[in-house]
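Q: Let's have the full structure, built from the sequences with the hints guiding it.
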Amino acid sequence: MIQTDIVIVGGGAVGHVIARGLLAHTSFSVALVEANQYSASAHHPGFDARVIALAKRTVDELSSLGIDVNHAGAVPIRHIQVSDKGAAGLCQLNASDFHVDHFGKVVSLHQLGAALQIAPDTDDFTLLCPLTVDTVERKQDGVLLSLSDGQQVSARLVVLADGGRSGLDEQLGFERQEDDYGQTAVIVNALTQKPHNHKAYERFTSQGPLAFLPYDPGLASGQENDQGFSVVWTVPPEKVDNVMSLGDNDFKRLLQQAFGWRQGAITQVGERSAYPLVLKQVTTPVTHRAVVCGNAAQSLHPIAGQGFNLGLRDAIGLVKTLAKADDPGAFSVLREYQQSRSKDKQATITLTDGLVRLFSNNNRGLTGLRNVGLVAMDNCPSLKQAFVRQTTGFAPGA
Numbered sequence: 001m002i003q004t005d006i007v008i009v010g011g012g013a014v015g016h017v018i019a020r021g022l023l024a025h026t027s028f029s030v031a032l033v034e035a036n037q038y039s040a041s042a043h044h045p046g047f048d049a050r051v052i053a054l055a056k057r058t059v060d061e062l063s064s065l066g067i068d069v070n071h072a073g074a075v076p077i078r079h080i081q082v083s084d085k086g087a088a089g090l091c092q093l094n095a096s097d098f099h100v101d102h103f104g105k106v107v108s109l110h111q112l113g114a115a116l117q118i119a120p121d122t123d124d125f126t127l128l129c130p131l132t133v134d135t136v137e138r139k140q141d142g143v144l145l146s147l148s149d150g151q152q153v154s155a156r157l158v159v160l161a162d163g164g165r166s167g168l169d170e171q172l173g174f175e176r177q178e179d180d181y182g183q184t185a186v187i188v189n190a191l192t193q194k195p196h197n198h199k200a201y202e203r204f205t206s207q208g209p210l211a212f213l214p215y216d217p218g219l220a221s222g223q224e225n226d227q228g229f230s231v232v233w234t235v236p237p238e239k240v241d242n243v244m245s246l247g248d249n250d251f252k253r254l255l256q257q258a259f260g261w262r263q264g265a266i267t268q269v270g271e272r273s274a275y276p277l278v279l280k281q282v283t284t285p286v287t288h289r290a291v292v293c294g295n296a297a298q299s300l301h302p303i304a305g306q307g308f309n310l311g312l313r314d315a316i317g318l319v320k321t322l323a324k325a326d327d328p329g330a331f332s333v334l335r336e337y338q339q340s341r342s343k344d345k346q347a348t349i350t351l352t353d354g355l356v357r358l359f360s361n362n363n364r365g366l367t368g369l370r371n372v373g374l375v376a377m378d379n380c381p382s383l384k385q386a387f388v389r390q391t392t393g394f395a396p397g398a
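Residue numbers (UniProt numbering): 1 to 398.
Because the hints were derived from the structure by calculation, they are not lab data. C-beta atoms are modelled at their ideal positions from N, C-alpha and C, and glycine is treated no differently. Honestly, I wouldn't trust all of these hints.
Unchecked claim - Result set (DSBU-like, lysine-lysine): computed pairs, CA atoms no more than 35 Å apart in a straight line:
| no. | residue 1 | residue 2 |
| --- | --- | --- |
| 1 | Lys280 | Lys320 |
| 2 | Lys252 | Lys280 |
| 3 | Lys280 | Lys85 |
| 4 | Lys139 | Lys343 |
| 5 | Lys252 | Lys239 |
| 6 | Lys239 | Lys194 |
| 7 | Lys280 | Lys345 |
| 8 | Lys139 | Lys324 |
| 9 | Lys252 | Lys324 |
| 10 | Lys85 | Lys320 |
| 11 | Lys320 | Lys343 |
| 12 | Lys324 | Lys345 |
| 13 | Lys343 | Lys324 |
| 14 | Lys85 | Lys343 |
| 15 | Lys252 | Lys194 |
| 16 | Lys85 | Lys324 |
| 17 | Lys194 | Lys85 |
| 18 | Lys139 | Lys280 |
| 19 | Lys320 | Lys239 |
| 20 | Lys280 | Lys343 |
| 21 | Lys85 | Lys239 |
| 22 | Lys320 | Lys345 |
| 23 | Lys194 | Lys324 |
| 24 | Lys252 | Lys139 |
| 25 | Lys194 | Lys139 |
Claimed, not checked - Quick list of simulated restraints, FRET-style, between CB atoms:
| no. | residue 1 | residue 2 | range |
| --- | --- | --- | --- |
| 26 | Thr267 | Glu175 | 46 to 54 Å |
| 27 | Asp121 | Asp179 | 40 to 48 Å |
| 28 | Asn225 | Asp121 | 31 to 39 Å |
| 29 | Ala323 | Pro236 | 44 to 52 Å |
| 30 | Trp261 | Asp327 | 33 to 41 Å |
| 31 | Pro120 | Asn249 | 23 to 31 Å |
| 32 | Pro120 | Asp248 | 16 to 24 Å |
A: Structure (structure tokens):
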């Protein structure tokens, strides 16, 4: 039997951040159970070619754990333009106006995964892969996990960071709420005629939000291309098959029509992927000797880029709470973690859900309200400040 203090199920970004944080800031031993092969050359599927925007606070917090995303080819976001297609409303955000160097940094999950890897021979660290957890049994002073190869792991706390895919949350009695947005995100990398100049775009269309994030595909290898963007395009489910089946030239024309000509012509697009958008959240993320974290706790719409950052703030918050604990699985400790994260969670989920419902609606009244809102925010420093603080992770309670 394997004995450890804390066992983490799931070796994606959230699981690795928790493990890295615990090993750096506590004396607890950590075991990481991962279903996929883990090695320097074989990356976790969660660390694929997708690109994500790390908010400034996330970048700062990762740096405090010794994780420098600049080594992962990160591109700073220094300007953001928010617009509504077909309306005059426009909001421009510049990092220098808020006395910061950037709002966040854009990085590929593949490169982030390389930065997060933990050497298998690290002290107090046990890597168990490729393995899955068949069952988890809770006792008064710990948990007992039975693995797919017949091994058992005894720990004082189990952390579910598996995206909610293993079914262990149901075994442990976590209840989940789901709300299908009736939208699908199409993800693609693109090159434009003009350089990005570290500017991100959030454009609201009748079909749904469209985000362009500045991204240099060759930066990590020293082959910088400052005309690259990672695109997240939200479309209705009934149009997904058509969008995904288009040839590159037809797809470029359709994307150009939705985005406009702010960056000149869209000159090249990469491989497309798509996934349905559903708001999922666990009603209570802690229970006896168990906690859910990251996408296992909540999965948000990609509008404003908040879901991944919220998950990482959960991970870092859990590390900070456990660093003060003698018994990491004590319910009082887990309850403290839950309370410390509740305000940020609720504010972020409310903001994201509200933006989806406001900006993915063709109602004429809401269209006018959106236009007025963008103009008001562009001309009201306090509104800008509140929006920036929430989206960069520095809102009160975050």
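Q: Is Lys85 close enough to Lys324, meaning Cα to Cα at most 35 Å?
A: Distance ~49 Å between Lys85 and Lys324 Cα, so the pair is violated.
Q: Honestly, do Asn225 and Asp121 meet the 31 to 39 Å range at C-beta?
A: holds, 37 Å
Q: Taking the beta carbons of Pro120 and Asn249, is their distance inside 23 to 31 Å?
A: violated, 46 Å
Q: Quick one, are Lys252 and Lys324 close enough, alpha carbons at most 35 Å?
A: violated, 52 Å
Q: Are Trp261 and Asp327 spaced within 33 to 41 Å by their CB atoms?
A: violated, 59 Å
Q: Is the hinted pair Lys280 and Lys320 satisfied, with a Cα-Cα distance of at most 35 Å?
A: Holds: Lys280 and Lys320 sit about 25 Å apart, inside 35 Å.
Q: Given a hinted range of 16 to 24 Å, is it respected by the beta-carbon distance of Pro120 and Asp248?
A: For Pro120 and Asp248 the Cβ distance comes to about 41 Å; the hint is violated.
Q: Could you grab the alpha-carbon distance between Lys320 and Lys343 and see if it respects the 35 Å cut-off?
A: Holds - the C-alpha atoms of Lys343 and Lys320 are around 16 Å apart, at most 35 Å.
Q: Please work out if Lys194 and Lys85 have their alpha carbons no farther apart than 35 Å.
A: Between Lys194 and Lys85 the Cα gap is close to 20 Å, so the pair holds against 35 Å.
Q: Quick one, are Lys280 and Lys85 close enough, alpha carbons at most 35 Å?
A: Between Lys280 and Lys85 the Cα gap is close to 28 Å, so the pair holds against 35 Å.
Q: For Lys85 and Lys239, compute the direct alpha-carbon distance and say whether it is at most 35 Å.
A: holds, 19 Å
Q: Below or equal to 35 Å on CA atoms is what counts here, so check Lys239 against Lys194.
A: holds, 29 Å
Hint compliance for this structure: hints 9, 10, 16, 19, 23, 24, 25, 30, 31, 32 are broken, all remaining hints hold.
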